[in-house]
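Peer 1: If you read the sequence shown in this note's numbering, its first letter stands for residue 1, the second for the next number, and so on.
The reader is advised that the hints may include incorrect statements.
To be verified - Just the calculated beta-carbon pair ranges, DEER-fashion: (1) Ile168 / Thr26: 34 to 44 Å; (2) Ala148 / Arg215: 19 to 29 Å; (3) Gly200 / Pro307: 51 to 61 Å; (4) Glu129 / Gly67: 25 to 35 Å; (5) Thr304 / Met345: 56 to 66 Å; (6) Tyr321 / Gly200: 16 to 26 Å; (7) Asp276 / Arg319: 38 to 48 Å; (8) Ala170 / Gly67: 22 to 32 Å; (9) Gly42 / Asp114: 19 to 29 Å; (10) Met345 / Arg308: 15 to 25 Å; (11) Arg326 / Asp210: 41 to 51 Å; (12) Gly128 / Thr28: 40 to 50 Å.
Just so you know, the hints here were simulated from the structure itself, not pulled from any lab data. C-beta atoms are modelled at their ideal positions from N, C-alpha and C, and glycine is treated no differently.
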Amino acid sequence: MKIVLPVVVLVMLCLSRVDTGAAQETLTLQYARGFKVESLGGCKLVTIKPAWHKGEGGFHYLLVPMGQGVPAQHPSAQIIRVPVKRIVTLSTTQLAYIDAAGLTDRLVGLAGFDYVNTASVRRRIEAGELKSVGQFTRLNMETLIDLAPDLILASASGSAYDVNPKLIEAGLPTILITDHLEHHPLGRLEWIKLMAMLFGTQDHADPLFDTIAARYQALAEKARTVRQRPKVIINTPFQGQWWIAKGESFVARYIADAGGDYLWRHVPGSGSTPMDVEAVYEQALAADIWLNTGTWKNRADAETADPRLALVPALKQSRVYNNNKRLNPHGGNDFWESGTLRPDMVLA
1 MKIVLPVVVL VMLCLSRVDT GAAQETLTLQ YARGFKVESL GGCKLVTIKP AWHKGEGGFH
61 YLLVPMGQGV PAQHPSAQII RVPVKRIVTL STTQLAYIDA AGLTDRLVGL AGFDYVNTAS
121 VRRRIEAGEL KSVGQFTRLN METLIDLAPD LILASASGSA YDVNPKLIEA GLPTILITDH
181 LEHHPLGRLE WIKLMAMLFG TQDHADPLFD TIAARYQALA EKARTVRQRP KVIINTPFQG
241 QWWIAKGESF VARYIADAGG DYLWRHVPGS GSTPMDVEAV YEQALAADIW LNTGTWKNRA
301 DAETADPRLA LVPALKQSRV YNNNKRLNPH GGNDFWESGT LRPDMVLA
């Protein structure tokens, strides 16, 4: 196997650190809660602390411009040289912004080829210009090392299946993108500001965010005057559990901003959690609308999964709506790709 020392390792070996004083908060975020950015002597200190992370302070990254000295503060922070030129992403959710910023030529590899919807990325896949690095939790570490990326965009949920510890152990420069844990769809969108700092595209990201946020809020404002809000349930039972979005999740916020009454809006926290099927079923008997039914295609699929579901009012009245209008031939769902970048279109 050919061993290539990642750029971040070489930088840490070759450059001495310089004292640049205390960090000052430099980026004011309107909606995102999962990260913060501070200025540190011409560099940026990024802190990412997902809700599941129990360690003190979270994950720290120093964004250091090419050719500049590395700050002496935060010696345990991972150094990322910016702007990043060689990108690997382990999730399709970042592809929509990479495409919108005109940066698909910087992609060198990604996980889950089959799930990609973004046209410019699909063309590069079909032309053989991108390397497959495996499937999410089953990564090809040798391919990743051979690619020598400047940065890997990874996701994590705090479970034993997370791959970021293996990537860091292998010396691969990795940053966690945990936008899926945000409380607001616009908080999830606001992560493009962090990606813009990594890629050097702030002039593109800021106006894009402002435009989309304004459209979203204009739509949400129309729904605020709704007096009778339909009761909403989501998702489907699977192997004895029914996963629901927590009450402070971006999914719950979507429903509220669309004029719905989400039946689990009082469950604290963001992200999702499994519940007992019996408990969810009891709630579902009061539901007017049922959203996001996964692979189900018709009423029969629901009744096959659990005959009792035939009694759910939303199903009886054909008020079931799925987010699968834009699936590619392999089942890749564009709702989780371009929908991440365009919450205004999702809400509309």
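Peer 1: Hint by hint, note whether the structure agrees.
Peer 2: Status of each hint after checking the structure:
no., hint, verdict
1, Ile168 / Thr26: 34 to 44 Å, "violated (25 Å)"
2, Ala148 / Arg215: 19 to 29 Å, "violated (40 Å)"
3, Gly200 / Pro307: 51 to 61 Å, "holds (56 Å)"
4, Glu129 / Gly67: 25 to 35 Å, "holds (29 Å)"
5, Thr304 / Met345: 56 to 66 Å, "violated (32 Å)"
6, Tyr321 / Gly200: 16 to 26 Å, "violated (40 Å)"
7, Asp276 / Arg319: 38 to 48 Å, "violated (24 Å)"
8, Ala170 / Gly67: 22 to 32 Å, "holds (26 Å)"
9, Gly42 / Asp114: 19 to 29 Å, "violated (42 Å)"
10, Met345 / Arg308: 15 to 25 Å, "violated (35 Å)"
11, Arg326 / Asp210: 41 to 51 Å, "violated (26 Å)"
12, Gly128 / Thr28: 40 to 50 Å, "holds (43 Å)"
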